[in-house]
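Those sequence lines, one after another, are chains Z and E.
Here the first sequence stands for residues 1 to 115, where the numbers follow UniProt numbering.
Here the second sequence stands for residues 1 to 217, where the numbers follow UniProt numbering.
No wet-lab data here; the hints were simulated from the structure.
Among the hints, erroneous ones may be present.
[What the hints assert, rightly or not] Among the chain Z residues that face chain E by a calculated CB cut under 8 angstroms, a handful are: (1) Lys58; (2) Thr60; (3) Pro64; (4) Tyr65; (5) Arg66; (6) Lys70; (7) Trp75.
For every residue, glycine included, the Cβ atom is placed at its ideal position computed from N, Cα and C.
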Amino acid sequence: MQPIDAAAVQEALDRFANRDVYIHLETTNGAYASHHNERFFSAGAYIRNVRIRFTRGKITGPGPYRVGLKLQIGWVYAEGLTHWEWTNEGQLLLAGHDYEGKLAVALELSDTPFA
Amino acid sequence: MKERHVLVVFPHPDDEAFGVSGTIAQHVQNGTPVTYACLTLGEMGRHMGVPPFANRETLPHIRKQELEEACRILGIHDLRLLGYRDKTVEFEDEEELADRIAAILAETNPSLVITFYPGYSVHPDHDACGAAVIRALKRWPKEERPTVHCVAFAKNCEQDLGQPDVIRDVSPVIETKLAAIRAHRSQTEGLMQAASKRGDALAWLKTERFWTYRWDD
Ligand SMILES: [Zn+2]
Chain Z
1 MQPIDAAAVQ
11 EALDRFANRD
21 VYIHLETTNG
31 AYASHHNERF
41 FSAGAYIRNV
51 RIRFTRGKIT
61 GPGPYRVGLK
71 LQIGWVYAEG
81 LTHWEWTNEG
91 QLLLAGHDYE
101 GKLAVALELS
111 DTPFA
Chain E
1 MKERHVLVVF
11 PHPDDEAFGV
21 SGTIAQHVQN
31 GTPVTYACLT
41 LGEMGRHMGV
51 PPFANRETLP
61 HIRKQELEEA
71 CRILGIHDLR
81 LLGYRDKTVE
91 FEDEEELADR
101 IAAILAETNP
111 SLVITFYPGY
121 SVHPDHDACG
131 AAVIRALKRW
141 PKEERPTVHC
151 VAFAKNCEQD
161 LGQPDVIRDV
171 SPVIETKLAA
181 IRAHRSQTEG
191 LMQAASKRGD
201 ALAWLKTERF
211 WTYRWDD
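Throw the hints in and build the complete structure from the sequences for me.
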C-alpha cells in the first residue's frame with residue numbers, strides 16, 4: 001500500500017458513487033491489546049460484503065485522513081486512514097496503520113463481492 | 001456594548017455550555033435576542049451517563065431535551081435544529097451547508113455571530129461548522145458583515161492566532177451558567193463531579209475567551 005494521495009482517493013470515491021458497491025469496514029485494537037495492557041479496553045467491529053450505495057463520498061483531514069460516505073438514509077465513516085491501494089480487480093483499499101505499523105482501521109470498496 | 005441580535009452556531013448540543021453560556025446569559029440580560037443554530041443532536045457522543053442512562057438510539061432524544069432545557073435556563077427563545085448528523089458535518093456539501101446558515105443570517109440579521117474558529121477547534125465538526133459560517137458570511141460585502149467571535153482550543157491556537165482578544169468576566173451570571181451546564185446532564189455530570197472534587201471548577205468557568213475572526217479576503 002502507498003501513503004494516501006487525497007486527490008487520487010477522492011477521484012476513486014467519485015467513481016464508486018451512485019451505484020451498488022460492496023464494502024468492508026473494520027476497526028481493531030488487535031486481539032492482544034488487553035492482554036498486553038490490562039487497563040486497555042479492547043473493542044472493535046467489522047462488516048464485510050455488505051452492499052451499499054452512496055450519493056457522495058469525501059476524504060478530509062491533513063492525514064491521517066477521514067472518509068465519509070453519505071447514503072440515501074445513512075452514513076459510513078472511517079478515521080485514522082493512512083494508506084491506500086487500487087487493486088488489479090478495481091477495488092479501492094484504504095487502511096490506517098498505527099505508530100507501530102499495525103492495522104487499526106480498514107475501509108474497502110468493490111464492484112464485486114470481496115473473496 | 002449592547003448587541004442588536006446574537007447568532008450562535010455550533011454543531012453539538014453542549015458546545016455552548018462551558019465556553020459561551022455565560023456570554024449568552026449576559027446578552028439575554030441586556031435584552032438582546034439570541035438565536036442558537038445547532039447543527040446536530042450529538043448522536044455519536046460517548047458520554048452515556050454514569051451509570052449509563054442513554055443508549056445509541058435514545059441519546060439524540062435525551063440531548064435534544066437537555067439542549068432545550070439549557071436554552072430555557074439561558075433565555076434563548078429561538079433554537080434552530082438543523083438536522084445534520086454528528087461526525088458527518090465535514091462530509092456535507094460545503095455550499096449547501098453555507099446556504100442553510102446564510103438563510104438564518106439573512107433572517108436574523110445578527111450584529112454578533114459566535115461559532116468555532118475554523119482550523120483551531122479540534123473536532124472536525126467544529127472546524128466544518130466554523131468554516132461554513134465564514135463561507136456564508138463571505139458572500140456579504142465585508143463592511144456589512146457582523147462581528148464574529150470564535151471559540152478555539154487547538155494546541156496551536158495561541159501560537160497562530162495570538163492571545164484571545166475578547167475576555168469576558170461572566171461571574172455575575174455564574175449560577176445561570178452552572179445550571180445551563182448541568183442541564184446537559186448526560187454529557188457534563190461526570191465532568192462536573194470530577195471538577196468539584198478537585199475544587200477548581202468555578203475558577204475557569206468565570207472567564208470566557210474569544211478570538212475575533214480576521215477576514216482574509
Ligand atoms: Zn462539540
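Hints, verified against the model:
no.: 1; hint: Lys58; result: holds, 5 angstroms
no.: 2; hint: Thr60; result: holds, 5 angstroms
no.: 3; hint: Pro64; result: violated, 12 angstroms
no.: 4; hint: Tyr65; result: violated, 11 angstroms
no.: 5; hint: Arg66; result: holds, 7 angstroms
no.: 6; hint: Lys70; result: holds, 6 angstroms
no.: 7; hint: Trp75; result: holds, 5 angstroms
Checked against the numbered hints above, the structure violates hints 3, 4; every other hint is satisfied.
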